[in-house]
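One-letter residues, chain by chain:
There are 2 protein chains.
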Amino acid sequence: MRDVIFAFNENAGKAFLERLKGKKPLFACVIGVTETAKIPGISAAGKYPDLTDYTPPADVELLLLGKCKCIHGVPVTPEGIPTPALITKAALGLADLPVLVVSGGLKIKPQIPFFDLGGNPGGDIRTGNAVKNAEEVFEKAKLLGENLAKIAEYLVIGESVPGGTTTALGVMLAMGVNAEGKISSSMPNNPHELKIKTVEAGFRASGIKFGALANDPLKAVSCVGDPMMPAFAGLVAGAAESIPVLMAGGTQMGAILAIVKALKPKILGNVAIGTTRWVIADKTADLAGIVAQIADVPVLAANLDFSLSKFDGLKAYEAGVVKEGVGAGGACIAAILKSSGMISSVGLLAEVEKIYNQLVSSDVT
Amino acid sequence: MRDVIFAFNENAGKAFLERLKGKKPLFACVIGVTETAKIPGISAAGKYPDLTDYTPPADVELLLLGKCKCIHGVPVTPEGIPTPALITKAALGLADLPVLVVSGGLKIKPQIPFFDLGGNPGGDIRTGNAVKNAEEVFEKAKLLGENLAKIAEYLVIGESVPGGTTTALGVMLAMGVNAEGKISSSMPNNPHELKIKTVEAGFRASGIKFGALANDPLKAVSCVGDPMMPAFAGLVAGAAESIPVLMAGGTQMGAILAIVKALKPKILGNVAIGTTRWVIADKTADLAGIVAQIADVPVLAANLDFSLSKFDGLKAYEAGVVKEGVGAGGACIAAILKSSGMISSVGLLAEVEKIYNQLVSSDVT
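For the record, the sequence lines run as chains V and U.
Under our numbering, think of the first position of the first sequence as 29, with each following residue one higher.
Under our numbering, think of the first position of the second sequence as 29, with each following residue one higher.
Just so you know, these hints were derived from the structure itself, not from any lab.
Among the clues, some could well be false.
For identical chains, the list gives no copy identity; a pair is met inside one copy or between any two copies.
As the list claims (entries may be wrong) - Below are the DSS-like pairs computed for lysine-lysine, each with C-alpha atoms no more than 30 angstroms apart in a straight line:
#1 Lys-66 to Lys-95
#2 Lys-160 to Lys-338
#3 Lys-137 to Lys-160
#4 Lys-289 to Lys-382
Chain V on its own, in the form it takes in the complex (with noise of 0.2 angstroms):
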């Protein structure tokens, strides 16, 4: 498993792929979007800032139908970069992995079959009234994750929310996490400055102070929160009672995992995080320092490597552009696993290459 880093926890994060190994995975991806994506700076989930709220549902098109169907090409930062999406996309492909998409609150619907537990898209944290209905999602979640841990072996959670670092570090820190500094960006110069300040708005509106919401997450959730949290939460929530949940994402899992160590601390033994090298190699951010602040899970990181890719967009990866998202690195955790190690990261860069190849000339033709 030389393609697997172990990051945090090594030794937990050991038998914790031990588990794993020979069991069947289901992929699923919690998408929303919030207001806080267009404040100017704060997310690169897109190539203007309204443009996020198609990112989430062109991810979840592109990983069901291998193209975007609500928007043209695929998804890209202001800079041309594209979505990581197309890694989901080739670990699931390769491995042969079933995909369900979860609504937490949308504006723009996939053109895709879709759970919908009747959540709306988020509002700008700096009102300090993020979230509507945080409780209602997550006990909906909480039951679809109840059901499908019923089918699968084991779950991989992915996200996508643009913007989903800012409102992760407004819940951390409302939470009594210090994510100050720690938090991860899809931009190489991760505007830590501008989230805070963010943050500190969110928290003047709601009259909230750092910990002040430590034993109440859904409510920082409403505050300064998105909604893609409450679904993802509940979804852990409901199916790691009864089998391990890989939870996939970059620096925003310090948040899910804050959430649920509040609400159902006891599932945590069957609770890891997977994310990407790049994640880990974001001298910027620090999720193991986040991750140690709350509890003792392992992180995992898929050991990907674009340096040799023959497409700048893709070789931009390894600039510390985009870094994580749409579940990619558990996704190919999962589908190393899946095929013993038949799927390498060489064998990963083939199939996105070969997808973003297809997707760049759809684009242009």
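Position chain U against the provided structure of chain V, taking the given hints into account.
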């Protein structure tokens, strides 16, 4: 397996059951509504015609939560006989089977997680414009079926759509299946004449004749069907390519079978119909006579017997009220199989009575 009746194509039915033994099923319930159900005298799936919009969401709330949220109590016929969802719930609960809900088109959303396929509530078939986007819903459901087939070992698919036998009659006649006088009803006095008049009005409005749409099943659905149909047929088309599918329902399954046969005849070897003894015993209907016209698939029936029930509301099933719905028969067959016969018709009645008692009590308080 004395609790399963082989009602049509016995040898194939026995072989089909053998294939399911020891396997883990997933129960999917497809729901939808149609204005057709509001024609006085057409449907007993609701206390009043206007309440039929609430019956499907209430049915699936019962399956997932053990109680209804969008209505008080449980769905009942005008005479107060309770929904067959009680039977489905008993079977799923005893065998601990997972449930996923799929919406084909609703007016009232259930308070549980459900798959959105972009469908709309159905129109009155007398207008000839019954279902808006049948093709879109079919394609999305197919994609969902393909993905579910990667996690479940077989699918049991049920439905809840008030007015569904009339729309089934419409689609079968449009496709050249002579179902006149052969479709069942949720009422003991089967209103065949009203149903055929309703379908004839739809034929006039859409300018079609018997058999005119034999090769265009989704057009038949668009003109005189209901929104459950493209979702149900799409799930079968997507899943039965790789796993067995038990289509759980009564004579409505004739319409689904005709649609599937027209669009994907190769998968019929992976398909069977599962229903209740009450449908088979219905002298006003002829499920086998319908199926024989379409395809050589087996028809199985759960050998349920409520004649000794201590509740009049359940005894009424023996008088031919309700008979089937919400996949009751198929869910019972799956529960019997999963338990290797430990779950019996007697045990199922006891569990139905337990649930009935709880929900009637909670209705009173």
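Against the structure, the hints come out as follows:
no.: 1; hint: Lys-66 to Lys-95; result: within (25 angstroms within a copy, 41 angstroms between copies)
no.: 2; hint: Lys-160 to Lys-338; result: neither (45 angstroms within a copy, 46 angstroms between copies)
no.: 3; hint: Lys-137 to Lys-160; result: both (18 angstroms within a copy, 18 angstroms between copies)
no.: 4; hint: Lys-289 to Lys-382; result: neither (40 angstroms within a copy, 36 angstroms between copies)
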